[in-house]
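Participant: Join the two chains, each given in its own frame, into one complex according to the hints.
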Amino acid sequence: MTAVQKSLSEQRYRSLRSVIFFACFYIYVWKVIEPYLLYSGYGLISRYPAFLRGWVFFKELFSQSSGPVEYAAGFLSHVFYYSWAGALVITGLAWLIWLCMNRLIRFAGRKSAGPLSYVPSLLLLGFYNGYMNPLAAGLSTLTVLLFILLYERISVKNIAISLALFIFMTVLLFYLAGGASVLFIAMIVLYRLFIQRRVLISGIYLVIGLATVWAVGVEFFGLEPRRAYLIFLLFHPLIKQTTDKMLPLYFNLCLILVVVFAGFFNKVLTSQYLGKKKKIEKKGNPDLDKSGGNFQSSRSTRPAETAILILISVTIALFSFKSEKKNKCRTMYLEQHKMWAELTEHISQLPADQYDLATNHCANKALYYLGRLGEEMFSYSQKKHSLMLLPTKNIYPFQLLSSKILMELGSVNIAEKQSYEFLENTGDYHYILKQLGIINMVKQQPETASVYLTILSKDLIHSKEGKALLNALSKDGGAGISEVRRLRAIMPTQQQVLGTNIIESVLLKLLEKDRRNKMAFEYLMAYYLLGKQLDKFVNNLWRLDNFEYANIPRNYEEAILLYTEMTKKKVELHGRKIRNQRRIPYIQFSRTIKRYRQNKNSAMKALSADFRDNYMFYYYFGISGKRK
Amino acid sequence: MSRRSGYLIFFFILAVIAFCVWYGLHTFSSDPVTIEEYAQVSAPPKIKPDYSGIVIPPNIGPLNFVIHEPGTGYYVKAYSAEGTPLKVYSKTGRIEFSRRKWQKLLSVNPGKKLYIDIYVKSKGNGWVRHENIVNTIAEEPIDPYVAYRIINPLYNFTNNTAIHQYDLENNKESLIIKGKSFYSGCVNCHSFLNYDPETMLLGFRNIVYGMSTLFASNGRVKKLGIKFGHTSWHPSGKVAAYSIYRVKQFFHHARREVRDVVELDSALAYYLLDKQVAKTTPEFADKERLETQPVWSPDGKYLYFVSAPVLWENRKKLPPENFEKVQYDLMRISYDVETDTWGKLETFLSAEQTGKSILIPRFSPDGRFMLVSMCDYSCFALFQPSSDLYLIDMETGKYSDLEEANSNHSEAWHGFSSNSRWIVFSSKRPEGVFTRLYFSYIDKTGKSSKAFIMPQSDASFYESSYRIYNVPEFISGPVKISQKEFGRAIRSKDEVKVEIPFSTATPQAPGETLQLERE
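For the record, the sequence lines run as chains B and H.
With my numbering, the residue at position 504 of the first sequence is 504, and numbering never jumps.
With my numbering, the residue at position 417 of the second sequence is 417, and numbering never jumps.
Isolated chain H (complex conformation) (with noise of 0.2 Å):
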């Protein structure tokens, strides 16, 4: 045989294989399934992750899904009250929709019924036809990003923080900054100016680098010569407040969450941005109470924070008597930016009110509502199985249980959508040991709607994922600030020098760690 011939027959081998996969493609994307007679059953259809009886926004990426039902053959149709029906055919009962069909749909539907048809073909018994999935398409969309970190169930160690992205529209991941891009450090506490992707704080820390805080501005990023933990930004853009705490971890024998946080000294300070100096004043920052959490009202005339009192004499015991009984209160202090003065301390809901301590508070874009989660004590609601979210009313001062979108497990880490009328939040649900990112509508009179987990492009992603997902933040857009830009700050000599006129209410002793990884 020449060579002439057997590159012939190369390329003719490689033509059918190339056809073969063609066809193979095209087989399974079209819809080879007519189904004429089935049987009807009454119970809804076991689907994973349960996307049912939800209010979906008009711009999410497609709600791919695993169906758990005995069954050789999986027919799905979706359909609204205009445009073309989905429909998917599956002989494993992962169900993923075509993206671009999936966003016509729900385009050309928002206040309309998205329904979801699915039949289970069994072996030797036909078809059968499930009840009927009925979700609801939103008027309002949702931002078309967020941005959480991702981390492993950790403990003590952290090897694989990172801080990502999610286009909600497309279901697609990326990399904002990891950990072992820098020799493994730990990125944490990003914070964004009012869902501005191209205006963020964020947090690292790293045996190399030290500990620091990244300033990213009009695509550069700047050091700052200080340490923030939980950052709030002033709406103006002019003042981040931060909290400084020590912090220390420590373990359950029988309690089905391990773990258990408690900050056992903790303050309040802000950063002048213009000024480059971080300041504090005696009213959040009281030895005899541990202040933490803040954020400012959507006009900036406030800065609410959570604060409780030392029940222990022992600072360094640990756990410390009465760990059980810390109950944080809402606390408010007027602020003009203008002046950079405080005004008059208040207890705005206090936990003696509410029997809970009162965690992680969160403002409605439109001031309406603030969020906020409680649980039975601590500063720390992910690891208290107690933890829900709680909606108050900032009219009438007024607060309720998020019921529709609660669950037996710890709801933390929330925030609204610019629009004011989505929430995301970290939820430990089903079993209360993997946080995951949930979406729940609230409407204008504050109810909310059962919360779905953040879509995926892969239908059972979710089914082989350890991952932890948590404080997550909308933004208006993609961080278009490359990782490549946040490393280089990172390894920088230079930093902002940050005039710090206070002592720290965290002082490190030898040997110990400033701020333990917690989720």
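Just chain B, with the same shape it has in the complex (with noise of 0.2 Å):
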């Protein structure tokens, strides 16, 4: 075989595995990490991503450094929504890191990298495997890439000119992808210095280009130093507040950038490829595998390559996959989507590490709506405040799920609070601006209604829901909404303020206003059982008679049976009774903690198999569900 042959052969198998191997990613991005759960997760465990149709919020990005890319990113996540195209701006993003790699990696003269040049690519995985969306810092790190090939393949000889070029393009990738210019900076040094061995130009490289971020970040832009030079590598604002776990991920990501090229620089040096370059191009030899075989992939080193590779990628999916966030994203799918049944069926099968305040509040919900709350809350762990999520402090996540469920009951203002504060924290997120602009129909607002409606109909997935919202809105002020008229009908009308015992003071209102808020009423009973606070609960049965239950529900069976026991008092239940099949088993109960009354942890586990859905159980351990 010749030489040129053995080189289109090497090149047709790089191709081959190089398009299996995104085939796969794509796959694996579409069907195991799914990206519409990542959606679904926007706002929660992700920060939602910033993205409008039209020329204002076009012009506000545009007008400020490393805009560009955050506006592309947050255009391209919304792209999530639709599973299938989500995978494959993951794997294109993935793939085109991947190009550049490479070209980057031939560039500076090696004629192939193995699987040196997946390796960011394979990164970029294990940060969409953990459930993080690093699409603005997978953005710039192209663009870095690109520019660095651009700056290389110009080429210019003369010094001046050379730094010229290398200022505009530094300047211009502030503006593009904010303090990744830095990357760029550190990448041309590198090259300088080990490639080209000029010692002097690479530090003159250094400082100009550090000057001039600091030029154009510092005094141009008005931005902090630290901003300035570490925006997208360290503190990227879209991930500085979602999760901190993903800095140091951020910062190997580019060390590891840096390093791979100057550990693969200084081997070029060492093997003085550039003395063997020259006299290979004197003769006109094609065929670089020989002149720098020890680090040439050769047909012997395929199979080994292919095999790292392989251990690599099948390490990274392993390894990088959070299920417990997949899970808690899918939860939020669920939850977001109603889909009560599947949500129960979802929680029951989570591992209780990945039981969460959060996902607490959602089993509880989804109960409700399957008229399953006073029958099986206490089958589920029960945490405090996961009823509502109130207070929220600054846990910024609840603030969305305290202000729908909120929404739900009825309580407008509160939900409105709770709505504002999420705004504030995550910005235009879509179904915030729905709740907000319904809020504002309900309020006979409707000037303020279509402010957030008309930013919804500028949402890349949600815009038809925003323009039939209006559309409704300016019909008949949004009356014809039947979620505007349930609204208007069970809202606190009488005015007060609310309570220091928020949760009370909310559903005792509501009741006030509507005493057939079923939710209200389960809710409240809810609470003062989670409060082990008997004496009210006890008073509250009387609301029964405001609705149809078919029997008194279970765990409200055993909170009475409980109360008259330890008060001897009678309660009223105005001719409902308490059904047998709970007497027995509170009798069982009752003998068994009398048994053991000295001891409480031996009588928590004689009772554990049995109990662990019983109110009676929850009241004195403080525990309850049945899974482990």
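Incorrect hints may have been included.
Said to hold, decoys possible - Subject to a maximum C-alpha distance of 35 Å in a straight line, what follows is the list of computed DSBU-like cross-link-like pairs (lysine-lysine):
hint, chain 1, residue 1, chain 2, residue 2
1, H, Lys-480, B, Lys-467
2, B, Lys-458, B, Lys-59
3, B, Lys-325, H, Lys-180
4, H, Lys-484, B, Lys-59
5, H, Lys-480, H, Lys-238
6, B, Lys-475, B, Lys-569
7, B, Lys-383, H, Lys-316
8, B, Lys-59, B, Lys-434
9, B, Lys-475, H, Lys-48
10, B, Lys-532, H, Lys-112
11, H, Lys-222, H, Lys-172
12, H, Lys-112, H, Lys-87
13, B, Lys-467, H, Lys-450
14, B, Lys-518, H, Lys-248
15, B, Lys-475, H, Lys-123
16, H, Lys-180, B, Lys-59
17, H, Lys-121, B, Lys-475
18, B, Lys-434, B, Lys-338
19, H, Lys-48, B, Lys-464
20, H, Lys-356, H, Lys-484
21, H, Lys-484, H, Lys-325
22, H, Lys-238, H, Lys-222
23, B, Lys-518, H, Lys-356
24, H, Lys-87, B, Lys-467
Everything labelled a hint here was simulated from the structure, so no lab data went into it.
What you are looking at is a predicted structure, and each value in this text was computed from that prediction instead of being measured.
Facilitator: Okay, here's the thing in structure tokens:
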């Protein structure tokens, strides 16, 4: 086989390998990561990416540093709504980064970088596998790589012109991708240092590069120095506020990029590649394998390289996968789509360490909508504050869920408060825009409603919904919308200040306005049960008359039995009866408790198998739920 | 095809596109419509913002608007006694005038009427001419800039506060400083000395850099080791009076405005710039009263402020007892700036007389009028739908409701222009949610004109913006100190040490926010 044939065969092999790799990458992202789940988790596990159609938003983003990249990232992040398209975006980005890396490595002297060029793409996969959305950072890295390639391709020999070009590109890059320009500077400096071995020149590039970032970032855009240098590398605002865990990862990504190249350049340097290359060029031999065999891919090393690639890929796929985050996103997805039966099923299967306050909240909500809150509430582990996620202090993801539950209950004003808190923290999140639109329709503030719905109508995915609501608003102020009518009928109208006991204050106010507000009733009773306030619970049992329960809900029966035993007072049940199937377990429970009077732990162990879904168990031991 | 041919074709296509763009722009910016026949409608057209029946400054930027009438074409002609009429044709109803032509038209017609004819073309029925809009161009100009704070509708959390300035002659907004430039900090309580954009005080707070006040003067910014609340400069520039307060927010179940605010404790203090010392006096730091919102009289001889008795025993309970009965009186105390001595405290106008809480006193620079907000109760007018603007005639002591300028919603955060003829204020009209800036003309007798919203170059700006504008202050030109300079001062470890020989009225309990965010 001639050298040319070898080279072609090598090229074909690499191309085929990359096609197979990225095809697998796409399928993995589409079917395992499922980008629509990431979309459902926006505002909860990752920051909602800002994007609105129209000139105003475009102008706003394009008038600030890194705005263009953020604009693109915002747009592409919304595409995740469609899983296949989201997978295409992620794979496309990974592929482009790989392509640039390949070029860059070849540009630096190697004919093939082997699995090395896949590293950034695999890191990207790792981030998505951990249910983060580093699209803005990924795009900025891609921009940097493109700029490096462009800069080196232009390859001006005159040092002054080369420096001028370097400054121009740093400025442009800072505008496009913010502090990612620091990576550009680092790469160019390393190239000058290790490839060209021009220590002085590389020092000049470093000083000029950093000074340029200062001039553009601090002097022109007025950024804080730290932000000017580190935006998109360490302290990107889109990720800073969601999870600090991501920062070291990003740091690693950037560091690895630099180290990989530094190491590579170093290798090139030590093998005196440059000298060899010149010789080859003189001889006119296109086959670089022969000249740089120690670091070139050859037929014999291909299987090893491919095996390494597979190994790294599988390792990253396995070890970076965050099932708890995926489950959280799925919980949010099912909650957002009101798939209550699927939601309870999903939550039932969650491991105990993935069952948090928000999940508990969603479980209770699903149980209510399935008509099983009073029956099965204590089948799930119950946490304090889970009912309405109030008070929510600084935990901003809860603001969305609490605003939703308040809205569903009918507490329009307090839902409005929570919505605004979320809006301030998260930005133009479509659901909150819609909710504020509805709230203002309910409060007969059409112009205000119109503002939020107009913004919603510029959302990439939910614009139709926004336009439909705007139409309804213009017709009759929203009176034709059933949700508006429902809320107008049940929202409190009597002026009163929200008390210090927020939940009780809200629920009682709702029941005062509409005694048949079943959700408010069940949540009030659940609130009393959770707080072990049995006297208040019993005092509100009369409200059962306002609804058509076939029987007293199971957990209520258990609480009534407990209360009767403890206080020796008769509870007025308005003709209802405690079912026998509740009395028998209660007797068993009481006997066991008496038997282990001195030892609470032993009592808990003895009762745990049969009574963990029983209110009495919760009352005595403070825990509940069948699952471990 | 050779490479050269490829380039030629490419540049030819580029030239065609450029011509099309140029032609399109030319066509839309000219007057393509000649209306010979039209039907007359007696009703005025519905336009947003409402720029009809108002008095406008001769130097204001274009009052762009959107016509909200069904139609397929819209034609507007604006004209006055002199100058070339402005003509705008639009297919969408967005009417945006040429800035240059608008300025020219207004500048040659001070004191005259500005007429705006509006024609709407409906499908199949031809053109309809609505009753024209008639505005008056005042003779007195408005200050060219206004500085204000922008926030989102806020409750407890704040991420996006910024101080902006607006070029009223050119409808252009620019940033003075934004909180995000120093770790999502909050910027507030800006105050300028005698409308001078070069001399200002600005409060900030932030988890990294703490809480302090910036003092900008002659292009330099210094950080003072003290945080001012509501601040007012003495006209001499030697003293700044400010309030300190312990403010709390609470919420209503059913009221249209969900939020409410109470100052559980407050007092006044003053800062002597030369001596770098903060002081107070028992007259305005009474433990049994809530003193706040100071303002100096234009001659500097009096400090005016508002004050209310503390109506609760428990200073920690929220909301406190009788919060809905708290009404502030307007007080004044004489001052000699040369000797730093205070005179006797007087009640200038009591809440008992007005039946309302008197808030945010602001003088006209000629000293003739004082503008205040009055509402049913509270120290914070913007959360009170009953809040209206009232003008006090300082010669007679009589006060009157600014009927033409007020609305059914909250009006507050007002201020006079340097020529005393214009006022700017925040208003929550039309629905009590978004606070926007409005202007009104005040004639020499104190009569106000119908208020109009701050114009924007984008005619539909307010239809998709939830930004809140408040604490506007007129300034005679742009603030030239860069954001970088403010940022540097905030981050700097150097601060002017201020001697504070008194205990503050707002001790901060562990875990408690000293100043909650408010509009």
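Participant: It remains to establish, for every hint, whether it holds in the given structure.
Facilitator: Hint check results:
Restraint check: the Cα-Cα separation between Lys-480 of chain H and Lys-467 of chain B comes to about 42 Å, which exceeds 35 Å; the hinted pair is violated. The suggested pairing of Lys-458 of chain B with Lys-59 of chain B holds, with an alpha-carbon distance near 14 Å, which does not exceed 35 Å. Restraint check for Lys-325 of chain B and Lys-180 of chain H: satisfied, since their Cα atoms lie roughly 29 Å apart, inside the 35 Å limit. A C-alpha spacing of about 22 Å is found between Lys-484 of chain H and Lys-59 of chain B, which places the hinted pair at or below 35 Å, so the restraint holds.
Restraint check: the Cα-Cα separation between Lys-480 of chain H and Lys-238 of chain H comes to about 22 Å, which is no more than 35 Å; the hinted pair holds. A C-alpha spacing of about 57 Å is found between Lys-475 of chain B and Lys-569 of chain B, which places the hinted pair above 35 Å, so the restraint is violated. Our distance criterion of 35 Å between C-alpha atoms is met by Lys-383 of chain B and Lys-316 of chain H, whose separation comes to about 29 Å. Only pairs whose Cα atoms come within 35 Å are accepted, and Lys-59 of chain B paired with Lys-434 of chain B is accepted, the gap being roughly 24 Å.
For the given pair, Lys-475 of chain B sits about 19 Å from Lys-48 of chain H by alpha-carbon distance, which is consistent with the 35 Å threshold. The straight-line distance between the Cα atoms of Lys-532 of chain B and Lys-112 of chain H is roughly 75 Å, outside the 35 Å bound, and the hint therefore fails. Proposed proximity of Lys-222 of chain H and Lys-172 of chain H is supported: the alpha carbons are some 28 Å apart, at most 35 Å. For the suggested pair Lys-112 of chain H and Lys-87 of chain H, the alpha carbons sit about 19 Å apart, so the restraint of at most 35 Å is met.
A C-alpha spacing of about 33 Å is found between Lys-467 of chain B and Lys-450 of chain H, which places the hinted pair at or below 35 Å, so the restraint holds. Our distance criterion of 35 Å between C-alpha atoms is met by Lys-518 of chain B and Lys-248 of chain H, whose separation comes to about 34 Å. Restraint check for Lys-475 of chain B and Lys-123 of chain H: satisfied, since their Cα atoms lie roughly 20 Å apart, inside the 35 Å limit. Annotation: proposed proximity of Lys-180 of chain H to Lys-59 of chain B holds, straight-line Cα distance about 19 Å (limit 35 Å).
Using a Cα cut-off of 35 Å, the hinted pair Lys-121 of chain H and Lys-475 of chain B holds, with the two alpha carbons roughly 22 Å apart. The suggested pairing of Lys-434 of chain B with Lys-338 of chain B holds, with an alpha-carbon distance near 16 Å, which does not exceed 35 Å. In summary, the hint linking Lys-48 of chain H to Lys-464 of chain B is supported, as the alpha carbons are separated by about 24 Å, within the 35 Å threshold. Distance hint between Lys-356 of chain H and Lys-484 of chain H is unfulfilled; the C-alpha atoms sit about 44 Å from each other, more than 35 Å.
Proximity of Lys-484 of chain H to Lys-325 of chain H is assessed by CA-CA distance (about 45 Å); at most 35 Å being required, the pair is judged violated. The straight-line distance between the Cα atoms of Lys-238 of chain H and Lys-222 of chain H is roughly 16 Å, inside the 35 Å bound, and the hint therefore holds. Taking the CA atoms of Lys-518 of chain B and Lys-356 of chain H, the gap is near 42 Å; set against the 35 Å cutoff, the hint is violated. With a CA separation close to 32 Å, the supplied pair Lys-87 of chain H and Lys-467 of chain B stays within the 35 Å bound.
In this structure, the earlier hints numbered 1, 6, 10, 20, 21 and 23 are contradicted, and the remaining ones agree with it.
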